[in-house]
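Q: Take the given structure of chain A and dock chain B to it, following the hints.
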Amino acid sequence: MAAETVRRIDKTASDIHKTILKQDKPIMRFPMRSLSNVKYDPKRGHFEMRGKRKVRTLTVSTVKTFAQTLRMMALSKELVKNDDIATKREAYYVSKNWDEARFLEQPESDAVMDDVEAFFEVNREQLGFVPEEKGGEISGKLVIVDRDSETGKPLRIDCTRFGSGAYSIPISVEHLKFQTEAKFILVIETAGMFQRLVKHKYWKTANCILVSMGGVPTRACRRFIRRLADAQKIPVYVFVDGDPYGISNIYRTLKVGSGNAAHLNEYFCVPQARYLGITPKDIVDYKLPTHPLKEVDIKRARDAVKNDPFFQHHKEWVAAVEQLLKMGVRAEQQALAKWGLNYVIDRYLPEKLAHPERFLP
Amino acid sequence: MKKESSEFSAGALRKKTVQMDLFQAGRRDEHSPGVSAARARSGNGKSAAPGKSGGGASAARIAVKKAAQSTPVPIEVDAVEEPAPKAKGRAPARKRETAESMARRQREISVAEFFQKNRHLLGFDNPAKALLTATKEAVDNSLDACEEAGILPKLDIVIEELSEDRFRLSITDNGPGIVRAQIPKIFGKLLYGSKFHVLRQSRGQQGIGISAAGMYSQLTTGQPLRITSRTGARKPAHFFEIQIDTARNEPKVLTDREVEWDVEHGTRVEMDLAGSYKKGRRSVDDYVVQTALANPHAEVHYRPPKGEVWDRERLTAQLPREPQAIRPHPHGVELGALIAMMRETRGRTLKGALQADFSRVSDKVAEEISKAAGINPESRPRSLKLAQVEALFRAIPKVKIMNPPTSCVVPIGEELILEGLKQTVKADFFTSATRPPSVYRGNPFVVEVGLAYGGELPAEELVDLWRFANRVPLQYQQSACAITRAVTGTDWKHYALQQGKGALPTGPLVLFVHMASVWVPFTSESKEAVAAYPEILKELRLGLQECGRRLGSFLRHRRRLEDAEKKNSYIRAYIPHIGIALKEILHLSDKEEAKVVAVLTDTLERTRKI
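Sequences listed follow chains A and B, in order.
According to my numbering, the stretch in the first sequence is residues 2 to 362, in order.
According to my numbering, the stretch in the second sequence is residues 560 to 1169, in order.
Just chain A, same shape as in the assembly (with noise of 0.2 Å):
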């Protein structure tokens, strides 16, 4: 795989490099990071890339992104060859030993990361770079065996063992080997929910796996449920907050992978996630607190309908975001507390549970 990346790297430059002898401008092509460049295939389940491409041909305009995405390219290839790693922070700090071609800040460098991983069609950490965000905690009926760093040897984890506390997500799932007796997993947005939930062991009354997200999951806690629900063929069901953030960037990340680097998603998206709450009609059935949708609720909920292949594709999610809208409000998880702190233990999840064919899809 690192010889593959170090040959492929050569090729480009090779390529650029004779463009140039011969008077020509050296082009590059990438992938469009976007979501007009994706499709939703219900079969697959996951987003797929179409075959829209950006061409960068080295201009006047270019030739400052152009020096930089070689000099990425570059520093990919020192980082394979090693057999080292720098996380994004980090490839950011090399920049500024580039002198003009320096970033600034390090999205910038993020944008640049993002697109020599599209033009490769390869995920980052073959790259030599590593993200440096944790990727999500779980708790529950699972034992995850993992290597000893040191000996090799295999090293099992009972995440039933962390007391109040909960077993970190490493950055690299795809060694890990699991056990469990579980039914399903139950995926949680918000820490503070999945908190109650640890503090009052519920997934030994659910006999379930309980996954904090906290937000956006990364890839890397994709990729672990990815393969806990395959290897375990157990369901997945999704908790999070009744806006349209929870259910268009949260929910749907998790479901079929982002527009951003979508040449990755076959592997990084849980096709079999379905959502449990909170729906638009658990605000309704439940009599939650609400608030109002703001402007920028409006316009995600807009843009998922009119704009997302995903939603599109489910009339029942088309459906529940039109009355989101409709209803003009939102409501988060903890706003089943207004009926007692654990009411989500004691009514709100059984009574959810006892209907998984209900779930949005």
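Worth flagging that the hints you see were computed from the coordinates, not collected in a lab.
Mixed in with the good hints, there may be bad ones.
[To be verified] As a list, the in silico SDA-like pairs of lysine to any residue whose alpha-carbon atoms are at most 20 Å apart: (1) Lys12(A) <-> Leu1145(B); (2) Lys1142(B) <-> Asn83(A); (3) Lys26(A) <-> Glu1151(B); (4) Lys26(A) <-> Glu1164(B); (5) Lys65(A) <-> Asp1161(B); (6) Lys65(A) <-> Thr1166(B); (7) Lys676(B) <-> Ser660(B); (8) Lys26(A) <-> Ser1128(B); (9) Lys65(A) <-> Lys985(B); (10) Lys23(A) <-> Lys1154(B); (11) Lys1150(B) <-> Leu22(A); (12) Lys26(A) <-> Arg1131(B); (13) Lys65(A) <-> Ala876(B); (14) Lys713(B) <-> Ser921(B); (15) Lys985(B) <-> His890(B); (16) Lys55(A) <-> Pro32(A); (17) Lys1142(B) <-> Glu151(A); (18) Lys200(A) <-> Phe163(A); (19) Lys178(A) <-> Gln196(A); (20) Lys19(A) <-> Thr1166(B).
[Unchecked claim] So these bits of chain B aren't anywhere near chain A, every CB distance computed over 10 Å: (21) Leu711; (22) Ser942; (23) His1136.
C-beta atoms are modelled at their ideal positions from N, C-alpha and C, and glycine is treated no differently.
A: Leaving out everything else, chain B in the frame of chain A:
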């Protein structure tokens, strides 16, 4: 007051003292003898046409002279205590005047007295302005005299500081000089001059300026005006000391003698006056520089009270074309003036009178006017009734009349404006435009605009607007001037300048705007602001736009070059990094790396131009 003094006595047939009397135009022959003013062009004397806009026979109504013919019987005013009529709400028991008692105090006011009290009307309202105005009046006269005599002007302007607030001003020209008999009246009598009754482009108009300066000098220092003049190499030079008898508006000669003078011909005016000398905008320094700019044919030497002597050689040895005097155009005439013309005309028939006294009135046009007015074209003009003249007046606009001849207006010219600006202002870009002649209220005029941009001019300030009328810089009352209105009314953002709403534009810019006309319509006697006639505003705008467009395209071109330069440096900054990256990935040699950089730089620079 403004109106009257500028519309004096159109009816005077001969050059003569302008009388201030009420409705007593002309005919005061006792004033006439010997007044063949040296500065007047005798050729025009005979046909001197009515003044520009008239005011008619009605001389300025400065005098209030109602009941002064008979000496009224004195009445003890205080004693007269008639029982007050039972007027409601009116407080009685006040000392009352009678017509007779008032009549005793009613008397003629001399124009000199009037302006002595109202000197601000003539530009003597504060010490700094007084010094400027006095200089200006003398310089105007010198330049006018030189040009009329066909002499290339050479001016020596010297200002000495006598004490902190007192200055000695001396202006010497190489003009034709003034004949001895005329000197006292020209310098010692207000409203005495050669230019008022002639419709011809000149700096001076009313014959007030230099004598008013003298009056101000006399008022503030008690010193007389000192004049030296010589009319030719074989003639003696005369030296005069003159004061003005303000009560009578008559000169008082203190000294009159022949002197030795090394100037072959010319005039020197010297006066002491209270004033204050400042630098910067609206200073005498600015005035002199701008005067030189507007008079490229003049040689100017200026010695200010402080600082260095400033000399300017002439830019051209060619005198401006001699401005022709024209007869008034019917479209500019006012009723009063028309009444006077009908009374004074030499034409025996109405038709003949119209043709003789107006420009652009042909036999056919004269008949059309008469017909439109319902008057027999053969009727005697003098016997026309007032109502008939009014009918005539109303008929004029109905008849199509050719515009007045415009050859009589002499612009400075685009080239000389350009050359002058280049010499005066350190800038990067210069342009100028002379508009074709146009007409307002029957008066032909020409607008000229010049513009200097960039260089050492201050970039963050409002533009420096230099206004000129008949080659005279206008220093004060900028905001009241039609020129300013035209500049602020132009959208300079179109021309890549910044501009606040309703304000002058901001930027490193000097704007030169000149209006030349046989009669510049000033808003006051101090001649500081041009009145805003729509036709004038339009021409000003067109001239400004013409120069503005050229400035805009210059600035846009320059910006393009700057962009290209920026791109160039951009290319040079980033291409080496492509070389470094390729070198790192492909293990290129230094030589190969250098080649990549060189070839790529060349490729990009070559294609950028397409």
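Q: Are the Cα atoms of lysine 65(A) and threonine 1166(B) separated by 20 Å or less?
A: holds (17 Å)
Q: Please work out if lysine 26(A) and glutamate 1164(B) have their alpha carbons no farther apart than 20 Å.
A: holds (11 Å)
Q: Quick one, are lysine 1150(B) and leucine 22(A) close enough, alpha carbons at most 20 Å?
A: holds (13 Å)
Q: Hinted pair, alpha-carbon criterion (20 Å max): lysine 26(A), glutamate 1151(B). Please report holds or violated.
A: Holds: lysine 26(A) and glutamate 1151(B) sit about 17 Å apart, inside 20 Å.
Q: Could you grab the alpha-carbon distance between lysine 65(A) and lysine 985(B) and see if it respects the 20 Å cut-off?
A: violated (39 Å)
Q: Verify the proposed pairing of lysine 713(B) with serine 921(B), using a straight-line Cα cut of 20 Å.
A: The hint is violated at about 43 Å.
Q: Need the status of pair lysine 26(A), arginine 1131(B): alpha-carbon distance at most 20 Å?
A: holds (16 Å)
Q: Has the given pair, lysine 19(A) with threonine 1166(B), been kept, meaning a C-alpha gap of at most 20 Å?
A: Answer holds: lysine 19(A) to threonine 1166(B) is near 18 Å, not above 20 Å.
Q: Taken at face value, is the distance from the CA of alanine 876(B) to the CA of lysine 65(A) at most 20 Å?
A: The given pair, whose Cα atoms are some 60 Å apart, is violated under the 20 Å limit.
Q: Please verify whether lysine 65(A) and aspartate 1161(B) have alpha carbons no more than 20 Å apart.
A: With a Cα-Cα distance of about 17 Å, the restraint between lysine 65(A) and aspartate 1161(B) holds, given a limit of 20 Å.
Q: For lysine 55(A) and proline 32(A), compute the direct alpha-carbon distance and say whether it is at most 20 Å.
A: Between lysine 55(A) and proline 32(A) the Cα gap is close to 6 Å, so the pair holds against 20 Å.
Q: Verify this label for me: histidine 1136(B) is non-interface relative to chain A, using a Cβ-Cβ cutoff of 10 Å.
A: violated (4 Å)
Checked against the numbered hints given earlier, this structure breaks hints 7, 9, 13, 14, 15, 17, 19, 23; the rest are met.
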